[in-house]
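Fit chain C to the given chain P structure using the hints.
There are 2 protein chains.
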Amino acid sequence: MKIGVFDSGVGGLTVLRELVRQLPSADYLYFGDTARLPYGSKSKGTVAKYAIGAVEYLVDHGAERVVIACNTACALAFSEIAAAVKVPTTGVIEPGAHRAAEESRSKAVAVIATEGTVNSHAYRSALERLGVRATEKACPLFVPLVEEGWLDHPVTEEVAHIYLDGLRREARDADALVLGCTHYPLLKPLLTRVIGESMAIVDSAESTAAEIAQLVGTGEGKGNVHFFATDSVEKFRRAGEKFMGRPIDGVEHVDLES
Amino acid sequence: MKIGVFDSGVGGLTVLRELVRQLPSADYLYFGDTARLPYGSKSKGTVAKYAIGAVEYLVDHGAERVVIACNTACALAFSEIAAAVKVPTTGVIEPGAHRAAEESRSKAVAVIATEGTVNSHAYRSALERLGVRATEKACPLFVPLVEEGWLDHPVTEEVAHIYLDGLRREARDADALVLGCTHYPLLKPLLTRVIGESMAIVDSAESTAAEIAQLVGTGEGKGNVHFFATDSVEKFRRAGEKFMGRPIDGVEHVDLES
Numbered sequence: 089m090k091i092g093v094f095d096s097g098v099g100g101l102t103v104l105r106e107l108v109r110q111l112p113s114a115d116y117l118y119f120g121d122t123a124r125l126p127y128g129s130k131s132k133g134t135v136a137k138y139a140i141g142a143v144e145y146l147v148d149h150g151a152e153r154v155v156i157a158c159n160t161a162c163a164l165a166f167s168e169i170a171a172a173v174k175v176p177t178t179g180v181i182e183p184g185a186h187r188a189a190e191e192s193r194s195k196a197v198a199v200i201a202t203e204g205t206v207n208s209h210a211y212r213s214a215l216e217r218l219g220v221r222a223t224e225k226a227c228p229l230f231v232p233l234v235e236e237g238w239l240d241h242p243v244t245e246e247v248a249h250i251y252l253d254g255l256r257r258e259a260r261d262a263d264a265l266v267l268g269c270t271h272y273p274l275l276k277p278l279l280t281r282v283i284g285e286s287m288a289i290v291d292s293a294e295s296t297a298a299e300i301a302q303l304v305g306t307g308e309g310k311g312n313v314h315f316f317a318t319d320s321v322e323k324f325r326r327a328g329e330k331f332m333g334r335p336i337d338g339v340e341h342v343d344l345e346s
Numbered sequence: 089m090k091i092g093v094f095d096s097g098v099g100g101l102t103v104l105r106e107l108v109r110q111l112p113s114a115d116y117l118y119f120g121d122t123a124r125l126p127y128g129s130k131s132k133g134t135v136a137k138y139a140i141g142a143v144e145y146l147v148d149h150g151a152e153r154v155v156i157a158c159n160t161a162c163a164l165a166f167s168e169i170a171a172a173v174k175v176p177t178t179g180v181i182e183p184g185a186h187r188a189a190e191e192s193r194s195k196a197v198a199v200i201a202t203e204g205t206v207n208s209h210a211y212r213s214a215l216e217r218l219g220v221r222a223t224e225k226a227c228p229l230f231v232p233l234v235e236e237g238w239l240d241h242p243v244t245e246e247v248a249h250i251y252l253d254g255l256r257r258e259a260r261d262a263d264a265l266v267l268g269c270t271h272y273p274l275l276k277p278l279l280t281r282v283i284g285e286s287m288a289i290v291d292s293a294e295s296t297a298a299e300i301a302q303l304v305g306t307g308e309g310k311g312n313v314h315f316f317a318t319d320s321v322e323k324f325r326r327a328g329e330k331f332m333g334r335p336i337d338g339v340e341h342v343d344l345e346s
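Heads up: the protein sequence lines correspond to chains P and C, in order. Counting in the working numbering, the first sequence runs from 89 upward without gaps. Counting in the working numbering, the second sequence runs from 89 upward without gaps.
Chain P on its own, in the form it takes in the complex (with noise of 0.2 Å):
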C-alpha cells in the first residue's frame, strides 16, 4: 500500500510521523508545497488550485490512497480535492473532529487553527454535525514561531496567554482543545502548561493516522518515504526534521509551474 501525504510544507511530517509509527510497513510519498506556502492565509480558489495539482502528482506518482494534511487545504477546498483524483482521500479535520466528541464530556470543544481554517469554520461544522459545540480562535503567530524555533518560549508562553486565556473566557465549559493545524504539536508541552489540566489536548495529526490505520488494515508495503518538494531541497530537509522527529534522506525537486 502506497499512500500520498500532502501538505503545504514541513508541517504535514508531524502527520506523516504519526503515520510512520502506526503504520510502519506502509510505502509513503510527502509533497510539500514549499515554494508556495503558507496557505493560511491564502483564498480559497488559490489554495484548492494549488493543492490539487500536487495530489495528482502523487496519484501519478503511484499513490493508491492520499491523506490531506494541510488543515487550511482541508478547511477551504477538501472536497474540491475528493473529487478531482480517483483514490481514497482522507482530511485531518474530520479525525480530528471525532476524536475531540469522544474526549469532551461537556460537548464543548475549543479549536485553534491558521486564520483560514478558522475563518472556514470547517471545524465547528464538523463538530456541530456530532452534536459538539465549538469555539474557533485563530493563532497567526505561532506558525512562525515554532518555524523560529521558539517551543518553549517566554515569547511564546506570552503569545499563548494572550491567544488562548481569551479563548477560555469566551469557551468556559469547553474541556478539550483541538490542534487545528499541522505545526501546533510541537508545542504541545508548552501549551499543556498554558491552558492547565482543565482540557484535553486532541492532536488531529495523530487521530488522522488513527484513521488511517483502521481503515487500511497493516497496510503491506516496504516502509519506504520519499519526499517531493517544490522549494529548496536543502532547506526542506533541514527545516523538515523537526517535525518528523529524525533525518530526512530522499528529497526530490519538483516544478509544477513550468
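No wet-lab data here; the hints were simulated from the structure. It cannot be assumed that every hint is accurate.
To be verified - Examples of chain C residues toward chain P, derived with CB under 8 Å:
| # | residue |
| --- | --- |
| 1 | Ala-123 |
| 2 | Pro-228 |
| 3 | Leu-229 |
| 4 | Pro-232 |
| 5 | Glu-236 |
| 6 | Leu-239 |
| 7 | Ser-320 |
Just so you know, these numbers come straight off a predicted model, no measurement behind them. All C-beta atoms, glycine included, are put in the ideal place defined by N, C-alpha and C.
Frame of chain P; chain C shown alone:
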C-alpha cells in the same frame, strides 16, 4: 511616466506610498504576488522565477520603469530580474545602503531583514562597496507581528529587544540601523524606542523613492494608481490599507500560473 512597482505582497506599498508622496503626478502600476508570498524564506531560483513573471507583466501593461520593492527579490535575484526586462529597473537595497553610508559617521551600520535577505548578504556587499562595515540580523518574527497588527504591542517590543540587543552587542559602533524589509517601516516608532537615540533609522522605502524622484524629475502623468494581486482582491485591499496609509481602490486579480 508610468512606474511599475513589484512586491511579493502588500509590504511594497510602503515604497509606493513614499513614491506617491514624493512624485504625486506620476502614474503607478503595483503588482503584489500575494498568492505566492512570502518570498523571505524561499530559494533564489524560485524567487527569480516568480519575480521575473510579475515584472514582465508590469512591462506588458505599460510600465516604463520598474521598482523592485521586495527586499528578498532584490537580495537574491536583482541582476537576473533587471536582465530579463527592457526598461530601467531600480531595487531597494542600493538606495538604502547609500543613505545609510551618508548617515553613518562611524562607517559601521546594522541591517535588519528577512532570513533570505540576510543570508544573501546583499546589504553587506552594497555597504562594503561604499566603505561601510555592516552587521546583519534576520528578524523573521517581525513580518508576522506586523501582519497580526501588533505594531505597538508588549510582545513585539520583547521580540525587538531579543533581536536588537544581540545585534547591538555584536555591532557596538554602528550608528545607523537599516530597515531592510518593506514591513518594518510600520514598526518604526517601536524600534526607535527600543534602540534609543544612538542609532539613526534608515528606511529603504523612503530612500528608494528619493532616488526615483531624482531619476525621473516630476514624472509627469495623471497621478493614477492601479493594483494587480495574484490572490484575493478583497484580502489585498484589506491588508494593503495599513501599508498604503489610505483606502485602496482599483485592484485587479491576475493569475500568472494558468
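These are the hints, each one checked on the structure:
{"no.": "1", "hint": "Ala-123", "verdict": "5 Å, holds"}
{"no.": "2", "hint": "Pro-228", "verdict": "6 Å, holds"}
{"no.": "3", "hint": "Leu-229", "verdict": "6 Å, holds"}
{"no.": "4", "hint": "Pro-232", "verdict": "4 Å, holds"}
{"no.": "5", "hint": "Glu-236", "verdict": "6 Å, holds"}
{"no.": "6", "hint": "Leu-239", "verdict": "14 Å, violated"}
{"no.": "7", "hint": "Ser-320", "verdict": "4 Å, holds"}
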